[in-house]
Amino acid sequence: MTYFARKFGFFLATLWAVVTLNFLIPRLQPGDPAEIMVKRLAGKDAALDPAQVKAMRAMLGAPDGSLWNQYVSYLGELVHGNFGLSYTYYPYKVTDVIAQAFWWTVVLVVVTQVVSFVVGIVLGAYAAWRRNSRLDSIVTLGSTFLGTLQPFWIGLLLLYVFGYSLGWFPTSGGYEESTPGFNWPFIQEAVSHSFLPALALLIVTPIGWILGMRNTMIMNLGEDYIRLAKAKGLRDRDVALRYAARNALLPSVTGFALALGGVLGGAILVETVFDYPGLGRLMGEAVQNKDYPLLQTLMLLTTAGVLVANLAADLLYGVLDPRARRAQA
Amino acid sequence: MTRTRTKPTLIVTGLTAAALALTGCAGSASQKDSKASADGMIDQLTFPSEADAAVGGLVNYNPNSPKPLTATWLYEPLIVRNSLTCEETPWLATKSTWEGGNKLTFDIRDGVKWSDGQAFTAKDVAFTFNLMKQYPAFDKAGVWNNTFGAPAKSVTAQGNQVVFEFTGNAAPKYDGIIATKILPEHVYSKVGDPTKYVDKTPVSTGPYKVGSYNGRRLVLERRADYWQADKVKVQKIVLEGQYDAAQAALKLRAGQLDAYYGEVPNPKKTFVDADPKNNHFYYAPNGMTVLTGNDQQKPFSDVKFREAISYAMNKQDMSLKATYGVMKPASQTGLKLPSMASLVPAKYSGEDTVLPYDLAKANQLLDAAGYKKGADGKRTNPDGSPLSVNFSVQAGFIDYQAIADVVVKGLNDIGVNSKVTASAPDSVDGQKKTGDFQLMLEYLHGGCELAKNIGAKLSSTQIPTKTDIFPNVQRFSDPAVDAAVTKLASDTDKESQKADLAPLVDTMMTKFPVTALIYAPARILYRTDKAVGWPSEDNAYANPQDDKLLVLTHLTAPK
Numbered sequence: 001m002t003y004f005a006r007k008f009g010f011f012l013a014t015l016w017a018v019v020t021l022n023f024l025i026p027r028l029q030p031g032d033p034a035e036i037m038v039k040r041l042a043g044k045d046a047a048l049d050p051a052q053v054k055a056m057r058a059m060l061g062a063p064d065g066s067l068w069n070q071y072v073s074y075l076g077e078l079v080h081g082n083f084g085l086s087y088t089y090y091p092y093k094v095t096d097v098i099a100q101a102f103w104w105t106v107v108l109v110v111v112t113q114v115v116s117f118v119v120g121i122v123l124g125a126y127a128a129w130r131r132n133s134r135l136d137s138i139v140t141l142g143s144t145f146l147g148t149l150q151p152f153w154i155g156l157l158l159l160y161v162f163g164y165s166l167g168w169f170p171t172s173g174g175y176e177e178s179t180p181g182f183n184w185p186f187i188q189e190a191v192s193h194s195f196l197p198a199l200a201l202l203i204v205t206p207i208g209w210i211l212g213m214r215n216t217m218i219m220n221l222g223e224d225y226i227r228l229a230k231a232k233g234l235r236d237r238d239v240a241l242r243y244a245a246r247n248a249l250l251p252s253v254t255g256f257a258l259a260l261g262g263v264l265g266g267a268i269l270v271e272t273v274f275d276y277p278g279l280g281r282l283m284g285e286a287v288q289n290k291d292y293p294l295l296q297t298l299m300l301l302t303t304a305g306v307l308v309a310n311l312a313a314d315l316l317y318g319v320l321d322p323r324a325r326r327a328q329a
Numbered sequence: 001m002t003r004t005r006t007k008p009t010l011i012v013t014g015l016t017a018a019a020l021a022l023t024g025c026a027g028s029a030s031q032k033d034s035k036a037s038a039d040g041m042i043d044q045l046t047f048p049s050e051a052d053a054a055v056g057g058l059v060n061y062n063p064n065s066p067k068p069l070t071a072t073w074l075y076e077p078l079i080v081r082n083s084l085t086c087e088e089t090p091w092l093a094t095k096s097t098w099e100g101g102n103k104l105t106f107d108i109r110d111g112v113k114w115s116d117g118q119a120f121t122a123k124d125v126a127f128t129f130n131l132m133k134q135y136p137a138f139d140k141a142g143v144w145n146n147t148f149g150a151p152a153k154s155v156t157a158q159g160n161q162v163v164f165e166f167t168g169n170a171a172p173k174y175d176g177i178i179a180t181k182i183l184p185e186h187v188y189s190k191v192g193d194p195t196k197y198v199d200k201t202p203v204s205t206g207p208y209k210v211g212s213y214n215g216r217r218l219v220l221e222r223r224a225d226y227w228q229a230d231k232v233k234v235q236k237i238v239l240e241g242q243y244d245a246a247q248a249a250l251k252l253r254a255g256q257l258d259a260y261y262g263e264v265p266n267p268k269k270t271f272v273d274a275d276p277k278n279n280h281f282y283y284a285p286n287g288m289t290v291l292t293g294n295d296q297q298k299p300f301s302d303v304k305f306r307e308a309i310s311y312a313m314n315k316q317d318m319s320l321k322a323t324y325g326v327m328k329p330a331s332q333t334g335l336k337l338p339s340m341a342s343l344v345p346a347k348y349s350g351e352d353t354v355l356p357y358d359l360a361k362a363n364q365l366l367d368a369a370g371y372k373k374g375a376d377g378k379r380t381n382p383d384g385s386p387l388s389v390n391f392s393v394q395a396g397f398i399d400y401q402a403i404a405d406v407v408v409k410g411l412n413d414i415g416v417n418s419k420v421t422a423s424a425p426d427s428v429d430g431q432k433k434t435g436d437f438q439l440m441l442e443y444l445h446g447g448c449e450l451a452k453n454i455g456a457k458l459s460s461t462q463i464p465t466k467t468d469i470f471p472n473v474q475r476f477s478d479p480a481v482d483a484a485v486t487k488l489a490s491d492t493d494k495e496s497q498k499a500d501l502a503p504l505v506d507t508m509m510t511k512f513p514v515t516a517l518i519y520a521p522a523r524i525l526y527r528t529d530k531a532v533g534w535p536s537e538d539n540a541y542a543n544p545q546d547d548k549l550l551v552l553t554h555l556t557a558p559k
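So the sequences go chain by chain: A and B.
The C-terminal residue of the first sequence carries number 329 in full-length UniProt numbering, and the numbering is unbroken.
The C-terminal residue of the second sequence carries number 559 in full-length UniProt numbering, and the numbering is unbroken.
So that you can see chain B by itself, here it is in the shape it has in the complex (with noise of 0.2 Å):
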């Protein structure tokens, strides 16, 4: 154990020794001119600490573990594909081919070093995901277990190819495969159940190897063997503190924090304002806020009142009153608009899917649908029992609370009693599993496997059960929409996959089997007095909190 251990420190030593050479003299000669050296080189940026850990000082760099001190600088994945709009960049693979649902074939690159200086191969992508068949605990990405797809057969590396084979289909796994950390299986191979490992020396791809920590704050430097490192300019990170949303303010205000993905409310005032030429943020639609009726009880189960209290959602208000107008209404088509627009099916594609408010249209349609209004002003189910909706929200959660002040004003408008009750997210939790709740405010996630997301959201296979939260939280059922994803889940060509998408954005918009609300974001607040180059608005060619690495590829010093 202690000899197969030291030799590799050895390289590693001598390795820092030789890039901390290289790095000081990269060092001084940005001294001379900070602001602009030629080559576009930053000397240092500081992010929060990736742990936010109460306790310092138990070092772990497992990328599995719950913990690690990073999860981002170090182990890489084999693509990094863009939330937003669903572009991929080729990272450890060059290039992914489906044959069929089941078989897919990554194209692993040459000339890359692990930090040690042993050279990766495909055999250690086969290595890591065979890791996980021995360590269910390992497999994140449900390889070989039948979560959204069948369960793999074999993963085995072909020359500098690997071979995912799968019993069946298997296409929505894609994301957690490409997102997975590739260990090296020089290293994790011989260390016993790697769910039990404590990395402390990690041997990684990532452009950046451990400079120092002293139980706050880790130091991360750059790797000069990267093998992208012409596009690495930030020549140390260090990743420390844990801020809330006032601390991260005057952080990033006072130059002590570059950027910040925590959520900050009213972002523009606290922070842009201070100053707008250094100060940025952008807050990219990833996702929705939706607003869940449980669709097998009365009265949700009504698709008519479903359809009606759609029309009763003042969205302008919430996107004013939850995020001070940050996050746009959301389109009821469940796709985020307008990074998706190109799947709009032709049908929609003309029209404004973001439902109007509109109460009148509300009253009419439940006049139609047999809910009377009494002499106090308040409905009636269309049997003449009373009829009032309880609103589970969670406390704490505030802008789901101003959310859902605006959702239940617009419901009593329409005389549907209402009233709010806050109780602790768990409890929250607890009721989608139990599905004894009425009405409740979740997340519609926007990810590229749509077959994983707006499908998963509608199918029937999907809803929760007692011990776990599928994302069919509101039970909405229907055979025609399970056969849609089904065919969904097995399509890998992408014209294609917008055909099968159209008859579930038809079930958004026809039958309402949750109301969208506003769009909620992947965020990230930043400074350009070091470094230019992150995503905006006007050029989202990343999802700003999720892909890091591929961000800090496109930072350099301001010219």
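One chain only, chain A, in its complex shape (with noise of 0.2 Å):
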């Protein structure tokens, strides 16, 4: 029981921290949002005319007080669930903006990261269960290669070869002339448009997971309970599926709940270089526009997922394995 609440401890304690660095972290960049507002109207470098700049901070009504009065209400107004308004979107509530953008993420990135688990997973099991063969030489080099590429550089160079180039897929934003719903003229334009920025997240998520999984399995390969199954006479598929990939498999779900966690921060520079309108532009448009709400929203958003996703790791390694509850009651 000690095990439970010590880890639920932890996971308020982080999150106060999250809340508070959410809340300073923004504000110590330089930059004032309602002229940023203003500017955006007027030109990059125009003249702000001051008559606006007052309307406009009249507007916002932010950022004023002092940053410790400007904390405790923030404190307060989350507690209440009480987002505020987006200064970019004024005046819809922030939790409006997201909405528009939290189905396009959830469904680009969840995809992905599902289908780059198992990839990775099985390639992973595969590799190391053929270790040295001409398969795991080139998943392992082929790994390491793609492993130092950015997805979002990726997806410059798919953009430029399949969206300009050939011209086989759109190259910015979700969809075209459909109205958005569950029509097939819709679906298929956002497939279309999903395609591509997938295909960018899918070339480098995988290699984490299969160069985690290609390792750990290595290292039961070794243990003393395979060679006794193998001993025994048991066929080599079942060794290596229900011994060794089963007990390898551990960490990596761990990983994965966490990369779930992760997901609603979106995939912030492959969104941006598709034009993609998913919740990683959003945070992207929030940071330039110094739209305040929005911004700790989405972040608070991004840093509290991993945390549940992370305490619920916790919780369910704690009931699956006796020996993590034991070590540290």
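None of these hints come from the bench; they were simulated from the model.
Cβ atoms here follow ideal geometry from the backbone N, Cα and C, with glycine treated the same way.
Any given hint could be a false lead.
Some residues of chain A that are not near chain B, with every Cβ distance over 10 Å (derived) [to be verified]: (1) Thr-144; (2) Thr-179; (3) Thr-205.
Once the Cα atoms are required to be at most 20 Å apart in a straight line, the calculated EDC-like pairs of lysine to aspartate or glutamate come out as [what the hints assert, rightly or not]: (4) Lys-494(B) / Glu-88(B); (5) Lys-113(B) / Glu-99(B); (6) Lys-236(B) / Asp-39(B); (7) Lys-328(B) / Glu-442(B); (8) Lys-251(B) / Glu-176(A); (9) Lys-54(A) / Asp-175(B); (10) Lys-251(B) / Glu-177(A); (11) Lys-54(A) / Asp-367(B); (12) Lys-196(B) / Glu-77(A); (13) Lys-321(B) / Asp-358(B); (14) Lys-113(B) / Asp-275(B); (15) Lys-196(B) / Asp-96(A); (16) Lys-93(A) / Glu-88(B); (17) Lys-200(B) / Asp-96(A); (18) Lys-54(A) / Asp-468(B); (19) Lys-559(B) / Asp-110(B); (20) Lys-236(B) / Asp-96(A); (21) Lys-466(B) / Glu-442(B); (22) Lys-54(A) / Asp-426(B); (23) Lys-236(B) / Glu-77(A).
Got two chains here, each in a separate frame; can you build the complex from them with the hints?
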């Protein structure tokens, strides 16, 4: 019981730290939201019209009061689940804005994460089982090479080749002429628009799983119980899948929970490159516009997602593995 | 609440149906001969989205929200003033009259109808401005506060006139007032705080009404009952997509975009050369990029130093490197020439007010002012202390960075040791507020309200504060100039304005508070295969970027 209590207490402390940092970091950047809003209407370095800046400040109503007062009222609002109005999309609520982008990211990133995980685990396990085979070298070397690349850079290449040069896929946005909703034209458009961003993510994200799985699997293959299983004359397939792979999977599952928690942050760079209307791009825009309420909520969502996933993984571990509970009790 | 809204919706629906029938007819007529229909009608033009938003689907047409889906085609201003030539085109007001600097009267146009069929009257105008009094966040023109002129005392509708009475001189507020988008009283009086109002079913006076919006593509349809419908030939306007320069050039060349207003470097090569017959651009001088030293710190506190370095500026090279030669070197008068040539004081009207690039003269001036050259070729301050200049430039402003390189080369050529520090634009804004900088690039707005633009640039009342950037970033201060700006601000008569302007131009030419470098543009890139009549160098009837409504009324199908 103390194990769970301790984990939960740790979760609350981290959450508080996150909320505080979340409040401070955007405010440490230079720049004034009202000036930025006026400027985006007038041009990047146009003279600011003081009357407009004044009106915009009155409209956004922020930031006023000392940093401490802002912090206290921020915490108060947060407790009541009130995230405020977005500056950029004023007077829409931050939660309305996020709801617009939410499903785009969830679909794109969850799908690519799940596919990456499955592909990564299978390839990793196979490479370890057939260690030093040709496939192992290709997978391992290929992963090491591709692992050095960034998904957004691959995205740029894909965009250039398949978007601009060949014209097979659209180059920006999430859809064209259809009306978002559950209808066939929209789904078609959404899929064709998501293809390249998904591909950019799919080329890179499995690599961590491949290498991780291969390493733990190789370690497990050296254990006595594998030798015993082989000596007993079990089929290779059974030894690989039911003994080695199953045990090697445990750390990866924890990692997967964390990765899913991070999904809410979106893939900022990839979404920006493809102009994909998800949470990542929204976050980029919020940073540019000093949209404090939006930025704070997005960052909170991301960090809270990771924390909750972490807590869930910790609790699950405690249930699954008695050693973890005992060691820390 | 629900009851009040149902009624207008019904009327709108009825109108939409009627208008659809009308546009339907027009559509089939122009389909027969889409190139040159007899009445000059154009089926459709596509422009980039006005709401450069990451998230679509959040509908708001409230013209005073930070990001309306369109701020151009629905709600209309009183008067459109072309900021290039300062000519006025009457819009919802037919005439404006100043009595002194503290009473302004507008004659309001008859026969204008809101898109729900109700008549537009002077009461709507008075309502809009009085709403600003109640909700300061709505007061973008600064009518009720003391930014640039005295606050208003009252705004009242009197018959078909609207009368503004101010507590003192308020002439510089004019540009802001005439540009204010007029709102329907019968809608906006019922919505409570208008800044928090999400306007999803706009009732406006403009030439278009909303056809459809799917989250990224806004289709606007022509109103047949628009008050100057005879001048509006474009049946449909589509606003979609947010493009960077490269994407925009591609779309324009492919004909998927009919005009673009953003920065496309080297428009001739990337756009015009692809199809010189149909592809055109017009980068109108709208203001100028100026070199701003901190006039309260050594060495820029020395007029002679400022004068000397002004001759070391290779403006031709800047024009070439920053704008591919599109934007020309700017006149040191601070006025944009030739469109404001009539305002140049007689004293300078004969001469070329664009300072020459003359290193010998710069060297000679520095020698004379006591900035001695050391053995290493570097100059020192007259008091013998080392002289070095740190130039802050906005990272990512490619044109500014190109100009900065030329500036620094010029300075080093005359022995003034200098280097460029690029930092985030927001940090440079921070330096403007604190005054913690030596040298930077800036924009001098060439707007028609002279006191608010060139005047504010030189007035010591307009020095930035810790919280606000005001135009006098260089912190120039001269009581005589302040008096001249005050006089200019109170004059509503064009001829006496010119006389008031003379001391300011003189200050620019002899005291070099800032150094004019090259003109900064209002941009448009456009195609003429579907529509002709766009503004151009030969026919600068409108600021291409700001006066889109005015441009629209000049567009017709090519013959």
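A quick look at each hint next to the structure:
1. Taking the minimum C-beta to C-beta distance to chain B, about 34 Å, the non-interface status of Thr-144(A) holds against the 10 Å cut.
2. Non-interface status of Thr-179(A) relative to chain B is broken: a Cβ of that chain comes within 10 Å, the nearest being about 5 Å off.
3. With a least CB separation of 23 Å from chain B, Thr-205(A) remains clear of the 10 Å interface cut-off, as annotated.
4. Proposed proximity of Lys-494(B) and Glu-88(B) is supported: the alpha carbons are some 13 Å apart, at most 20 Å.
5. For the suggested pair Lys-113(B) and Glu-99(B), the alpha carbons sit about 30 Å apart, so the restraint of at most 20 Å is broken.
6. For the suggested pair Lys-236(B) and Asp-39(B), the alpha carbons sit about 16 Å apart, so the restraint of at most 20 Å is met.
7. For the proposed pair Lys-328(B) and Glu-442(B), the alpha carbon gap of about 16 Å is at most 20 Å, so the pair holds.
8. Between Lys-251(B) and Glu-176(A) the CA atoms are separated by roughly 15 Å; this keeps the pair inside 20 Å, and the hint holds.
9. For the given pair, Lys-54(A) sits about 17 Å from Asp-175(B) by alpha-carbon distance, which is consistent with the 20 Å threshold.
10. Of the pairs offered as hints, the one joining Lys-251(B) and Glu-177(A) holds, with about 17 Å between alpha carbons and a cut-off of 20 Å not exceeded.
11. Of the pairs offered as hints, the one joining Lys-54(A) and Asp-367(B) is violated, with about 46 Å between alpha carbons and a cut-off of 20 Å exceeded.
12. Simply put, Lys-196(B) and Glu-77(A) have alpha-carbon atoms about 19 Å apart, close enough for the 20 Å limit, and the pair holds.
13. About 19 Å separates the Cα atoms of Lys-321(B) and Asp-358(B), which keeps this hinted pair within 20 Å; it holds.
14. Straight-line distance between C-alpha atoms of Lys-113(B) and Asp-275(B) comes to about 42 Å, which puts the hinted pair past the 20 Å bound.
15. For the given pair, Lys-196(B) sits about 14 Å from Asp-96(A) by alpha-carbon distance, which is consistent with the 20 Å threshold.
16. For the hint pairing Lys-93(A) with Glu-88(B), the CA-to-CA distance comes to about 40 Å; that exceeds 20 Å, so the pair is violated.
17. Between Lys-200(B) and Asp-96(A), the direct Cα distance comes to roughly 15 Å. Compliance with the 20 Å bound is thereby established for this hinted pair.
18. Between Lys-54(A) and Asp-468(B) the CA atoms are separated by roughly 9 Å; this keeps the pair inside 20 Å, and the hint holds.
19. Proposed proximity of Lys-559(B) and Asp-110(B) is contradicted: the alpha carbons are some 33 Å apart, above 20 Å.
20. Restraint check: the Cα-Cα separation between Lys-236(B) and Asp-96(A) comes to about 30 Å, which exceeds 20 Å; the hinted pair is violated.
21. Of the supplied pair hints, the one linking Lys-466(B) and Glu-442(B) holds, its CA atoms being roughly 18 Å apart against a limit of 20 Å.
22. Distance check on the hinted pair: Lys-54(A) and Asp-426(B) sit about 18 Å apart at the alpha-carbon level, within 20 Å; holds.
23. Pair hint Lys-236(B) plus Glu-77(A) does not hold up; C-alpha atoms about 45 Å apart against a cutoff of 20 Å.
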